[in-house]
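Here the protein sequences come in this chain order: D and H. Under the numbering used here, think of the first position of the first sequence as 947, with each following residue one higher. Under the numbering used here, think of the first position of the second sequence as 947, with each following residue one higher.
No false leads were mixed into what you were given.
Since copy identity is lost for identical chains, a pair holds within one copy or between any two.
Dumping the calculated DSSO-like pairs for lysine-lysine here, alpha-carbon to alpha-carbon at most 27 Å: (1) 1159 <-> 1183; (2) 1493 <-> 1467; (3) 1102 <-> 1159; (4) 1073 <-> 1017; (5) 1102 <-> 1493; (6) 1102 <-> 1496; (7) 1496 <-> 1467.
The set of hints was computed from the structure by calculation and includes no laboratory data.
2 protein chains.
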Amino acid sequence: MSRRTFAIGVDFGTESGRALLVDLTNGQEIATAIHLYANGVIDEGLPGTNIQLEPDWALQDPNDYLEVLKKAIPAVLEKSGVNPEDVIGLGIDFTACTMLPTTSDGTPLCFLPQWRNHPHGWVKLWKHHAAQDEANQLNRIAREQGYTFLDRYGGKISSEWFFPKAWQILNEAPEVYAAAGRLIEATDWVVWQLTGIETRNECTAGYKAIWSKSEGFPPNAFFRALDPRMEHIVDEKMSRTLLPLGTKAGGLTQEMADWTGLLPGTPVAVANVDAHASVPAVTVTEPERIVITMGTSNCHLLLGVEERVVEGICGVVQGGIIPGLPGYEAGQSCVGDSFGWFVEQCVPASYEREAANQNLSIHQYLEQQAARLLPGESGLVALDWWNGNRSILVDADLSGVLLGLTIATRPEEIYRAMIESTAYGTRVIIENFQARGIPVKEIVVTGGLPERNKLLVQIYSDVTGLPIRRSGTTQGGALGAAMHGAVAAGTSAGGYASIFEAASHMAHLHEESFTPNPQIKAIYDRLYQEYLILHDYFGRGANDVMKRLKQLREEVIGAPK
Amino acid sequence: MSRRTFAIGVDFGTESGRALLVDLTNGQEIATAIHLYANGVIDEGLPGTNIQLEPDWALQDPNDYLEVLKKAIPAVLEKSGVNPEDVIGLGIDFTACTMLPTTSDGTPLCFLPQWRNHPHGWVKLWKHHAAQDEANQLNRIAREQGYTFLDRYGGKISSEWFFPKAWQILNEAPEVYAAAGRLIEATDWVVWQLTGIETRNECTAGYKAIWSKSEGFPPNAFFRALDPRMEHIVDEKMSRTLLPLGTKAGGLTQEMADWTGLLPGTPVAVANVDAHASVPAVTVTEPERIVITMGTSNCHLLLGVEERVVEGICGVVQGGIIPGLPGYEAGQSCVGDSFGWFVEQCVPASYEREAANQNLSIHQYLEQQAARLLPGESGLVALDWWNGNRSILVDADLSGVLLGLTIATRPEEIYRAMIESTAYGTRVIIENFQARGIPVKEIVVTGGLPERNKLLVQIYSDVTGLPIRRSGTTQGGALGAAMHGAVAAGTSAGGYASIFEAASHMAHLHEESFTPNPQIKAIYDRLYQEYLILHDYFGRGANDVMKRLKQLREEVIGAPK
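Based on the sequences and whatever the hints tell you, model everything.
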């Protein structure tokens, strides 16, 4: 590359969108800008109305996504002083499954006066959990009718995914379903808005909409079995043409060029998902290195050589992360979420005071105290199921356990035991891959948690026995999106021929590496055995106490099951 | 009784002694006075020396007991204005096993200059836990040699009891053991000081020194098997003459009369133990009504008709509580202790602030919040083993469990689950008695906890399905001691012929009664089944994770096993 070229990645998160302008030669992050969604997560009332949402609903306003484009892209251009001519590609990444109904020309139904006051006309955010009944029925029917696609998803389709959400629209608002010319992932919708061309990407189709490269979508008969009105959902409202990641979706429209300050025709990559886009951004484009995005929950992404059935994963999608390779996704439902719960609900005032005295956050203070403990010193072992268990048990009705409590137990001991339990949970996931012949030899962690908490990273290394590197960027999603933008642009435009080439130039890791301490690993091996025994006892049906307690709870509070 | 007569009970607790002057006609508590022990619990350094005690040691100074007599008895006489001539009896109750070495004339070795600087010369308080090795060996030898006396004590002699403590003296300080003309319970020693006559009571001998009315002490051969030097411990340093509760030990000496302000010759009852003395003081002198003294731990006392072997009790002693009836004692190691732990270690600052705003203690605030919950609403179940489990598993290496945690779990839910778990533990004890044909039809609770926490009492009623009455006195031990003093005095002196007669006049209950709510009981039945499954799984060898965690902990911190 003779001329210095740049790409922009736009990361659409849960509360805000962020644009990142990067130097294509070395991945240097030149400028970043965040735009908060005006309507954020809509989970109480529909904006501008008196309409209350039911519990478990979570919507968004697609206009907030457009505002990110209009505000954050011009902002990074201005901050960086980069000439728009030198921005040779654009990519986006998004939460998923975050989906919306639109007209055939891509207009969100909620933009239209006749649907604006209808909750089903809006975007259903990834954490919209009101389609559980549909998910349960879908899983039951798929099992009863012997569909093998469930095997690709650990045996269960989540209520967060595309078809349960679509089916909820049909069940509760058939008029909205009928009016929806298209049902589309928000990430694909934004690319449509950027380019004027409707495309669909293989990643969200594979991980969220039961599509596979070899088998396509489930057959129409399956959808008919769900509801006859859904029989032709794919052909009527979606698309059977799915594009590999890094493909050019199209060029920027004139209108979008006017909004963003970029040149019309600037290549735009097909849409992508945040965690998946991060993988090449943290240098991983080959098997054996698992990427864990650590936050409120953990998302594990791993490349394989051939597609295999693996127990309890979230999904395996050929080309779902990196073209040509099967991408495995697994997950832990509760990581930072449970630490946050602990800090909010269980840390005494004396600790708050001491943390304040030392000018530390309570998390930092607890980390400091917990770091002084030896593994095994607390006598505690926990099951990290505060939000249930995704991988590998795929059971939302499991719950958390603390075992080994005494009146000498201190808060930092519980805190450390909770961190350790999430590390054991990750080890279960890794050993589950290994048992299926999918090797894991290194961990790369990304996300806010490992940035802030080195103790946690070291514990993960000691528990798993694997070396760990941390992401070199705090904006893996946006960087990965920009890299895909550079690939979409291609070499002729000053970009890259492949994501492999892009990663070799643009991706980087934090220099510091974490390696397991063999003595500590030996102690954790013993603790992990205890975790496994409890994991299987409570998680595999020997004692379904957790389910019975949830059942009793629902009876007692009279909530719908 | 034509003339108004009185008795005094003196209750020797862990930190202080309390005298209570009561009206014999109706049990009215006329005056009370507390004297704090100057040396309290001696668990760091020996008073007046630089000698440091090892961990797990807990000593007392016998002079503190004498000071209680000198200060608290005159104080109640003065406060009440009662004529010493009208005080017709005196009784005491004490913690147990709290024991000391003395010369043959009853002088505590620690009063003598040559032994004053020797820790083994002092009183070993009930919670002196440094004789665990001796207890372990004693239990092993008794099992190996087939002694059936273990059956009376749930299969295990505690390190807190008489012979492990005596043996520790011999092991670590044979010179102290040799110099000890007598080894004696502090409660018997105080009666000796009051009367000038050495007596031994059946209660402490039975519950703490492996004595039974039918079999006596273990044979000399057993003690020889422990250590040849201990072969004749009973004949050399104790007594085979054990007196029933309520027996007159003797009359007050002139010296004691001078100290206390009572008349010389005032009848003094043989010694008693606090919890046991409380039983008639809360109206219980017959089978089928279990008395639970609730505090940091729970002590359960129940009368039977005939002596039976019951799994995991602390002991059964013929006449150990009420003459003529077998008295069963069971216990839970951790009740208020774990609530205290929770409040100190796990309650967030926001709750402290809210409690302060409402002018409530944090316990009161938590009780108020927890009382708003429905049973089963929290989805939690706990195992109440923060201090191990005494009855019925007799296993100090068990530990606490919280199960069912989610990120929605609130502190008051954990607090309530911990209360509930102690109620389940009590139900296990009650059902264990019932399964052996020893009926339980009512609960009487006494101690500080039920005074303060009505929610707890109601939960115990709902969980056990039994009506509960609360003690009418906050000073059950002292009232019971005074009642025994009245029995020791006898009818001729204006006292009572029996503890039954004394109880019928002097004992009373709080008017309010707690009865189980059938709907709530039905929910608790389901939760109790979950508790039982976990109780047996973790407590009966299916998964010894708790022991392995403690073992690992000890290895890791390098502490002696």
